[in-house]
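**Q** Chain by chain, the residues:
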Amino acid sequence: MATDILERPEAATSHEDNQVLVTLTVGEQLCGVPVLAVRDILGEQVITRIPLAPPEIAGSLNLRGRIVTAIDLRRRLRLPPAAPDQPRMSVVAEQGGELYALLVDQVSEVLSLNVSMFERNPPTLERSWADFSTGVFRLDGRLLVVLDVSRLLALAGEG
Amino acid sequence: MDDLLSDFLTETNESLAELDVALVTLERTPDDAETLGFIFRLVHTIKGTCGFLGLPRLERVAHAGENVLGKLRDRSLAVTPDIVSQVLAALDRIKAIVTGLSETGSEPVGDDAALIGTLNATASGEAPASAAPPPPPPSPPTATETPKAVVTPPPVLEPAAIISVPVEALPDPVAVAEPSPAAVPAQAPANASPSGATAGAPNGAPNRAPSGAPGGTPGGAPSGASSGGSAGAQTIRVTVDVLEDLMTLVSELVLTRNQLLQLARTHEDNAFTVPLQRLSHITSDLQEGVMKTRMQPIGNAWNKLPRLVRDLSHDMGKKIELTMLGAETELDRQVLELIKDPLTHMIRNSGDHGLETPAERRAAGKPEVGTITLNAFHEGGYIILEIADDGRGLAVDRIRAKVLSQGLATEAELVGMTDGQIQRFIFRAGFSTAEKVSAVSGRGVGMDVVRTNIEKIGGTIELKSTPGQGTTFTVKIPLTLAIVSALIVEAGKERFAIPQLSVVELVRARRNFDAATGDGAGNSVIERINDTPVLRLRNRLLPLVSLTELLALGTDDRAENAVHVVVAQVGQQMMGIIVNRVFDTEEIVVKPVAPILRHVTMFSGNTILGDGSVIMILDPNGIARASGVGAGSESKLVRTSLAEAQTSADKTAMLLFRAGESQRMAVPLGLVARLEDIPRDMIELSCGAPVTQYRGKLMPLIAIDGGIDQQKPTQPLLVFAEGERTMGLMVDEIIDVVEDSLDIELAGARPGLLGTGVIGGQATDVLDTGYWLMQAWEDWFRGVPRQRTSAGQMHILLVDDSEFFRQLTVPMLGAAGFRVTAVASAVEALRLREAGTMFDAVVSDIEMPEIDGVQFARIVRASGPWVRLPMIAMTAHADMESARIGREAGFTDYVAKFEREALVASLRTMLAQTAHA
Numbered sequence: 661m662a663t664d665i666l667e668r669p670e671a672a673t674s675h676e677d678n679q680v681l682v683t684l685t686v687g688e689q690l691c692g693v694p695v696l697a698v699r700d701i702l703g704e705q706v707i708t709r710i711p712l713a714p715p716e717i718a719g720s721l722n723l724r725g726r727i728v729t730a731i732d733l734r735r736r737l738r739l740p741p742a743a744p745d746q747p748r749m750s751v752v753a754e755q756g757g758e759l760y761a762l763l764v765d766q767v768s769e770v771l772s773l774n775v776s777m778f779e780r781n782p783p784t785l786e787r788s789w790a791d792f793s794t795g796v797f798r799l800d801g802r803l804l805v806v807l808d809v810s811r812l813l814a815l816a817g818e819g
Numbered sequence: 019m020d021d022l023l024s025d026f027l028t029e030t031n032e033s034l035a036e037l038d039v040a041l042v043t044l045e046r047t048p049d050d051a052e053t054l055g056f057i058f059r060l061v062h063t064i065k066g067t068c069g070f071l072g073l074p075r076l077e078r079v080a081h082a083g084e085n086v087l088g089k090l091r092d093r094s095l096a097v098t099p100d101i102v103s104q105v106l107a108a109l110d111r112i113k114a115i116v117t118g119l120s121e122t123g124s125e126p127v128g129d130d131a132a133l134i135g136t137l138n139a140t141a142s143g144e145a146p147a148s149a150a151p152p153p154p155p156p157s158p159p160t161a162t163e164t165p166k167a168v169v170t171p172p173p174v175l176e177p178a179a180i181i182s183v184p185v186e187a188l189p190d191p192v193a194v195a196e197p198s199p200a201a202v203p204a205q206a207p208a209n210a211s212p213s214g215a216t217a218g219a220p221n222g223a224p225n226r227a228p229s230g231a232p233g234g235t236p237g238g239a240p241s242g243a244s245s246g247g248s249a250g251a252q253t254i255r256v257t258v259d260v261l262e263d264l265m266t267l268v269s270e271l272v273l274t275r276n277q278l279l280q281l282a283r284t285h286e287d288n289a290f291t292v293p294l295q296r297l298s299h300i301t302s303d304l305q306e307g308v309m310k311t312r313m314q315p316i317g318n319a320w321n322k323l324p325r326l327v328r329d330l331s332h333d334m335g336k337k338i339e340l341t342m343l344g345a346e347t348e349l350d351r352q353v354l355e356l357i358k359d360p361l362t363h364m365i366r367n368s369g370d371h372g373l374e375t376p377a378e379r380r381a382a383g384k385p386e387v388g389t390i391t392l393n394a395f396h397e398g399g400y401i402i403l404e405i406a407d408d409g410r411g412l413a414v415d416r417i418r419a420k421v422l423s424q425g426l427a428t429e430a431e432l433v434g435m436t437d438g439q440i441q442r443f444i445f446r447a448g449f450s451t452a453e454k455v456s457a458v459s460g461r462g463v464g465m466d467v468v469r470t471n472i473e474k475i476g477g478t479i480e481l482k483s484t485p486g487q488g489t490t491f492t493v494k495i496p497l498t499l500a501i502v503s504a505l506i507v508e509a510g511k512e513r514f515a516i517p518q519l520s521v522v523e524l525v526r527a528r529r530n531f532d533a534a535t536g537d538g539a540g541n542s543v544i545e546r547i548n549d550t551p552v553l554r555l556r557n558r559l560l561p562l563v564s565l566t567e568l569l570a571l572g573t574d575d576r577a578e579n580a581v582h583v584v585v586a587q588v589g590q591q592m593m594g595i596i597v598n599r600v601f602d603t604e605e606i607v608v609k610p611v612a613p614i615l616r617h618v619t620m621f622s623g624n625t626i627l628g629d630g631s632v633i634m635i636l637d638p639n640g641i642a643r644a645s646g647v648g649a650g651s652e653s654k655l656v657r658t659s660l661a662e663a664q665t666s667a668d669k670t671a672m673l674l675f676r677a678g679e680s681q682r683m684a685v686p687l688g689l690v691a692r693l694e695d696i697p698r699d700m701i702e703l704s705c706g707a708p709v710t711q712y713r714g715k716l717m718p719l720i721a722i723d724g725g726i727d728q729q730k731p732t733q734p735l736l737v738f739a740e741g742e743r744t745m746g747l748m749v750d751e752i753i754d755v756v757e758d759s760l761d762i763e764l765a766g767a768r769p770g771l772l773g774t775g776v777i778g779g780q781a782t783d784v785l786d787t788g789y790w791l792m793q794a795w796e797d798w799f800r801g802v803p804r805q806r807t808s809a810g811q812m813h814i815l816l817v818d819d820s821e822f823f824r825q826l827t828v829p830m831l832g833a834a835g836f837r838v839t840a841v842a843s844a845v846e847a848l849r850l851r852e853a854g855t856m857f858d859a860v861v862s863d864i865e866m867p868e869i870d871g872v873q874f875a876r877i878v879r880a881s882g883p884w885v886r887l888p889m890i891a892m893t894a895h896a897d898m899e900s901a902r903i904g905r906e907a908g909f910t911d912y913v914a915k916f917e918r919e920a921l922v923a924s925l926r927t928m929l930a931q932t933a934h935a
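Heads up: the sequence lines are chains A and B, in that order.
Everything in the first sequence is counted per the working numbering, starting at 661 for the first residue and increasing by one.
Everything in the second sequence is counted per the working numbering, starting at 19 for the first residue and increasing by one.
What you were told as hints is all true, and nothing was included just to trick you.
Under the rule of at most 25 Å between Cα atoms (straight-line distance), these lysine to any residue pairs were calculated in the SDA-like manner:
| no. | chain 1 | residue 1 | chain 2 | residue 2 |
| --- | --- | --- | --- | --- |
| 1 | B | K358 | B | M309 |
| 2 | B | K511 | A | E704 |
| 3 | B | K609 | A | P715 |
| 4 | B | K609 | A | G757 |
| 5 | B | K511 | A | R709 |
| 6 | B | K511 | A | E716 |
| 7 | B | K482 | B | T391 |
| 8 | B | K609 | B | L571 |
| 9 | B | K358 | B | T43 |
| 10 | B | K384 | B | E374 |
| 11 | B | K609 | A | G756 |
| 12 | B | K511 | A | D745 |
| 13 | B | K310 | B | Q518 |
| 14 | B | K609 | A | V752 |
| 15 | B | K511 | A | Q705 |
| 16 | B | K113 | B | R366 |
| 17 | B | K609 | A | A814 |
| 18 | B | K609 | A | Q705 |
| 19 | B | K511 | A | P715 |
Calculated from the structure, these hints are not laboratory results.
Note that the structure is predicted; figures quoted are calculated from it, not measured.
The shape of chain A in the complex, shown without the other chains (with noise of 0.2 Å):
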């Protein structure tokens, strides 16, 4: 019960109470990824286009012999796309035995979270992130909003 009372989401009730995550910048926003659900990071890539594809889909490349699909956060998230000669970098995931790389603007460093620190999304969210966020971090000085790989990658489901 004592979970009820602190409202402590079950992401954060690990055996340490911290969380471990890789942070990402994407538009202005200060994001997070659960270190585990990451299985690489990449620099700049060569994209190929997919004709007709969902506009998230930024297209897939080559890692190391296995295609991945590519998808860009930016659109995801319903923010500007990136100015053209922006060098970005990517997160790769994997769901169900297939590789998805997230299309960030820049990938940083690991932090490990006290979840005191964390708190569920603000009811006054909007969709378009609330649904792919699971809380928010508060930092000094800036929030760090924790992204749910899996909704990310849920696209197939939505047609």
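With chain A held as given, fit chain B onto it using these hints.
**A** Leaving out everything else, chain B in the frame of chain A:
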């Protein structure tokens, strides 16, 4: 499930597949002691092993079967179809139990007492089978033959998880386990001994490898020889997973090799060149070797067919012989799995619909036994599979009628088609609507599903049918799905791969003819019809698809004048794909696209090229569908026609015309053979009646209003044809073809008219075709009068809710010598039955309100005085599935509507049969 049990299941499944084949062989050659011995041993092994594993139910069934087989073997019983059926029934039960066993790990509950009772009765000689003549003397011992004479059963159907690999196909380390070659041949003479004395335990597991690579089989798979192969071909079992992994690794290796070669090309003269070349060779060899491990003889997909055909011939009362050629032709097991079902379906079709009954075959002057031939062979990287029957061939007329009624094409489109093109309609989705409904309930698939499945694996299907001589389906499938050769093209700054299989040729073309320079003289120029691009190619118009537009690549590349057209074949349709550049061909490893892209049907997969970039593989079938070429346009049509079918099942295509006093007249389009417009001076008089020379014969002409309008230079005609005879109905003007329901509201007051109905929103007189045909040829409806000796006044009951159809059929049957009572519903018909009226035959529509034809047949067949009456179903949907449903309900025959000849013929045959009975 413990290892012992799973080994047993694997082995038993193999044995069962062999048994099916062997039993059918035995039925044909009852004296074959070898086959009998082989069957006995297999069943004995199953029995023995279940006793050991504690599977009492299985053991009892196997034991009962073995008893019967034992009697057959020691010749106290003769092999008869009855006994074979019983043994097959026992095998089916064993299969069912084994299936349950593999699902749950324990024997399913069930009662086999009846089955065992029958088998035991047979074994003890109580069954009628014992009355069979004494068995012929045993055939001479075959032991004198070469050791190869040991029963060589057809290739084994492998359970999905295990694959047998010839040891030679595997790399050296495994080959160390090679046994002494003497082991197998030594066993052979013993096996062939007719005494069966050695048929016990040692031979129980046929040719179990004495040394099947102990510990050398990964994944804990059992090691053992595949049963009874040719001498010396040692095999070990490897799980399919291992092979799949190996294949994936080799694919990666091929890609890496390609990448390296690409790099090496840019740096000539370096030290890597030679070792790289060696690496390249080894990689190719390795790829070939691994591919070989995945190869299986196509016979594996065939070994269920003899049993299928046997059952089919028993059920249908037909004599069918199945000839299988090229069973040893090898192809990738993945492809093998995928063609199994389509193949089974096509064989069933051939037996069910293609081949005639023995009586019909005799009448047609053919041997009683129909033949289905399966032939497989390699041709240029593909497997060609032919399924041929020597049956009646496809009825183009029926298909045409069906195509019209389903709205898959218009009359005008059909006129321009060859018979071959019309026959191809059987591959169209929606052609077999009724089948689709029952496919949901798990009863087989239609030819459209067969086509889709074959196209899914990059194959094609063609058909050739000659009426009266049979039908041949030719299936072309790639040897493997994993690695294909593809053409790399560029459009809209993106590169794509097109599988070579579908590429017929490359044509260089220009977007615009440059008159100023006279350029393009040697090149074809793309022309446009209302913005639709086409290309003249050897005097044919080739429909073109711009890849840039189709894939919405956005960039406007029309500026570039010179383009390439990739001529691709999809089914029988040709299509040109406009691309900007063509690179070379490359061997590519097909990888499936990510699940979130599956809905983009234009791509069949993606791959990584030698330079490391990812590229999408185009699917020509998908492109054709998306652009409406050939098979493509059907998707749209089907949807609309299905929607229409739901709202009005009874719509008929009607030809509207103007003639005589009527402003608007209509006739069902299906009754009209052709529309002609002849010059006035072509009309001549013969005995005062107008005639014209039509296709080398004189055709009588009838004017609806009696006079001929001499003003116009030409005369429109509706031509009705029936066999040799034709007749032209002169009308003033042909208005239109509409689809509407035929409800005659005012019955005809004038001869020659059935009445008046509302068609296309206007009052329209409906032509009584029968009347006018009789005007031209008094004996029109007695086309085959000499055949009928004593139809007498057979009394036929016609049940049809369509007024029009009753009007048409009654005089027609009357003219053919039958007395006809027509009623508008099954309810009325049943009322007649209650009233005690008796008929000689019933002809009924299928689609009727309240009680439909199928229900009606069931009611009639259930009880009452009409139980034994011949019943003929008449419907617009004369496809095989509804025919089957109809037959199950009790209909004796199935005839398409408007097929007068077929109906009369069917009635005559049927009544002749009942008269003799």
